[in-house]
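Use the sequences and the hints to build the structure in full.
Protein chains in written order, with the UniProt record's numbering: chain A, 1 to 339; chain B, 1 to 438.
A portion of the hints provided could be inaccurate.
Unchecked claim - Part of the chain B face toward chain A, derived, beta carbon under 10 angstroms:
no.	residue
1	Gly55
2	Ala149
3	Ile152
4	Glu290
5	Asn295
6	Gly298
7	Gly299
8	Arg346
9	Asn348
10	Arg349
11	Met351
12	Tyr386
Since the hints were derived computationally from the structure, they do not count as laboratory data.
For every residue, glycine included, the Cβ atom is placed at its ideal position computed from N, Cα and C.
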Amino acid sequence: MKKTVFVGVLALAGMSASVAAAGLLDEVKTRGKLNCGVATGVPGFAAPDANGEWQGFDVAVCRAVAAAVLDDPTAVEFVPTTGKTRFTALASGEIDMLARNTTWTFSRDVDLKFDFVGVNYYDGQGFLVRKDLGVSSAKELDGATICIQTGTTTELNLADFFRINNMSYEPVPIETNAEGQQQYLAGACDSYTTDASGLAATRATFEDAANHVILPEIISKEPLGPLVRHGDNEWADVVRWTLNALIAAEELGVTSANVAELASAPGNNPEINRLLGTEGTLGEMLGLPADWAVKALSVAGNYGEIFEKNIGETTPIGLARGLNAQWTSGGLLYAPPFR
Amino acid sequence: MTSLTDPPKESFRLGMLIYDTRYRSLTIQVVALIGFMIFAAWLINNTLYNLAEQGKNVAFGFLSDPAGYDINQRLLDYNSQSTHWRAAFIGLLNTLLVACMGCITATIIGVFVGVLRLSNNWLIARLMTVYVELFRNVPVLLWIVFTMAIMIETLPAPSDFRGENPEASMVLFDTVAITNRGVYIPEALFSNGLGDLPILPDRENPSCQPGEDGTLGDDCGVFQISLDLLLIVVVFGASLFASGLIRKRADRIQNETGDRPNTWYLRVGVVLLPTIAVLAVLGFHLGYPELKGFNFQGGTHLRNSLIALWLALSLYTAAFIAEIVRAGIMAISKGQTEAAAALGLRPNRIMNLVILPQALRVIIPPLISNYLNLTKNSSLAIAVGYMDITGTLGGITMNQTGRELECVLMLMLVYLAISLSISAVMNWYNERVKLVER
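Below, the structure is given as structure tokens:
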């Protein structure tokens with residue numbers, strides 16, 4: 001009683017009671033639906049398609065978790081969040097997990113009481129400019145007007161970058177990616193800055209994408225990953241290992257095409273067997289059925305497949321794997337062993 | 001003979017608290033008050049309990065940490081290393097700026113429209129009706145966003161001013177640049193300026209040591225007041241006071257003799273000459289905006305976020321004020337107009353001398369609440385990226401520190417304080433203009 005009434009009252013102040021200590025995993029199972037916070041619309045990462053279905057790289061993580069837990073990748077309630085509302089939504093229990101290109105930082109992890117369960121995209125902050133501006137380096141942006149989403153780490157990075165390089169700039173704070181795009185295209189700002197992946201995604205939607213360049217400087221580290229509330233380790237484990245399963249599957253060569261076949265009977269690679277539940281009891285330890293990872297992988301395949309389908313080089317967004325390649329191919333993706 | 005006896009004194013019984021009408025209302029009030037206090041205590045207790053549950057405490061120490069973000073429109077010195085306190089204060093000044101500008105413009109437009117709506121000219125009266133209905137029936141947020149969108153999409157970008165045959169050019173003899181990033185107007189500069197006066201300087205601060213040219217650093221003091229501005233304001237104020245004395249003398253002579261001496265040239269001279277002299281001594285000149293690099297440099301930059309917010313708030317609130325003014329005027333009986341006309345006053349003077357002064361007592365009270373509305377509506381600033389206090393303290397600071405409860409509480413206190421101050425000032429004014437009835 002105390003808590004339920006309280007949620008309504010304090011929601012006004014942007015806060016609310018923590019969710020009851022009974023595990024979120026059980027709660028999600030009973031509810032039959034996963035509430036997943038995503039961006040309000042970043043093409044390639046999270047945006048509704050022509051049919052109103054959410055699609056994208058971050059959305060795929062939500063769907064994989066929903067498939068692993070509920071055996072239904074469509075049992076997801078997508079909650080669009082802005083840079084400002086996302087943490088309140090997660091802290092208040094409005095969403096079970098947040099998969100919205102959110103940078104893993106110390107204060108968010110420790111002070112805001114969240115658990116980042118991993119990194120699904122290693123990013124960095126870049127600058128988008130028009131080609132005819134004649135700028136080839138971010139160090140030449142002295143005096144420029146720069147559009148920036150408020151309430152993001154990019155805002156602080158930008159202040160630091162210009163301070164360190166002893167340059168001045170005119171920040172134009174904007175609320176959403178769409179607004180930033182509008183102001184940038186109208187020439188109200190010389191440059192638009194956000195994570196380089198977001199810039200590539202935004203540029204892909206321009207009619208004259210070829211007339212815009214992303215400057216070579218990457219001025220920050222932005223490890224983006226899904227996060228959950230502090231304190232429910234079982235739920236954090238489920239999300240963490242679903243993400244790891246997607247990454248490990250790519251390393252082990254498990255794809256959407258062969259996952260059913262590999263899962264039908266134990267093969268000769270014990271790690272694949274443990275991942276797919278044909279050997280050992282990893283699923284049971286998570287509180288999930290033995291074939292949880294099979295379900296997660298059947299949705300859209302492994303990490304590499306999700307990447308290629310949503311943001312890879314064949315898509316309009318055209319991002320190279322770069323840092324996001326497997327560690328075996330020179331990237332940073334390194335899933336802990338399934339054993 | 002009958003004798004008066006005191007009515008029998010009833011002793012107090014507990015039941016009287018409910019059944020005796022003398023006590024009943026008191027009982028109800030006491031019970032309601034206790035109930036309210038219990039509810040408030042329960043609410044606070046609940047907040048603290050649940051915050052503790054989340055492992056959060058209520059503390060305001062974070063306000064002294066460096067803010068880490070930049071603010072584009074700063075009325076005082078600020079950089080990304082300044083504290084959250086200062087960021088909040090810069091935001092507060094921006095709120096007050098747009099609120100003051102908005103209230104003044106809204107009043108001027110509102111009074112004009114209100115009067116014109118009563119005009120005998122059919123076209124003017126109808127046009128004003130259309131304006132009022134259009135603005136007050138569409139949410140102000142839409143007007144703000146709409147104004148901003150028009151400015152961004154239709155005005156030329158600074159780069160259009162460049163080149164041999166630029167697509168756009170500056171207006172008013174090349175002194176004002178109107179771009180989609182805002183309007184750049186000439187700024188006042190002083191070649192023999194007196195420098196700045198730091199308020200509450202910290203002697204330990206290295207920037208408070210006079211430099212080679214005897215000036216102090218920008219960081220010295222909590223903020224700095226321009227001595228030039230101070231001098232001009234003082235001289236101008238004194239001139240106005242002197243002009244007031246001349247007027248009083250004229251009033252006295254008029255009362256004694258019935259003839260009003262012609263004093264307008266004296267008053268204009270007294271007001272203007274000393275100020276012009278001071279400006280000349282200080283070496284007043286205008287600094288014009290110039291296209292350098294990406295943007296115009298020099299001059300005063302009125303950002304389009306400020307202009308959009310200011311215009312939209314003014315036009316929206318003016319529609320309400322116009323209705324209030326119209327109601328005020330219509331509350332004055334037609335006999336007043338006819339009596340004034342019988343005395344030979346022209347329509348203009350009837351309005352200024354007879355109708356408006358009486359209408360003010362009807363107009364002022366609802367005007368107060370419109371000023372309050374305008375000020376509170378200015379918190380929609382974030383829609384166009386104007387960094388008011390909701391944008392700094394209630395936006396970036398709250399988001400970067402995660403201190404929602406503290407920030408929102410402070411924000412509420414700030415708006416409460418602003419609103420109560422406006423009410424206090426306007427009530428004082430209302431007392432002054434109120435008709436003294438006999």
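For which of the previously enumerated hints does the structure constitute a violation, in increasing order of number?
4, 6, 7, 8, 9, 10 and 11
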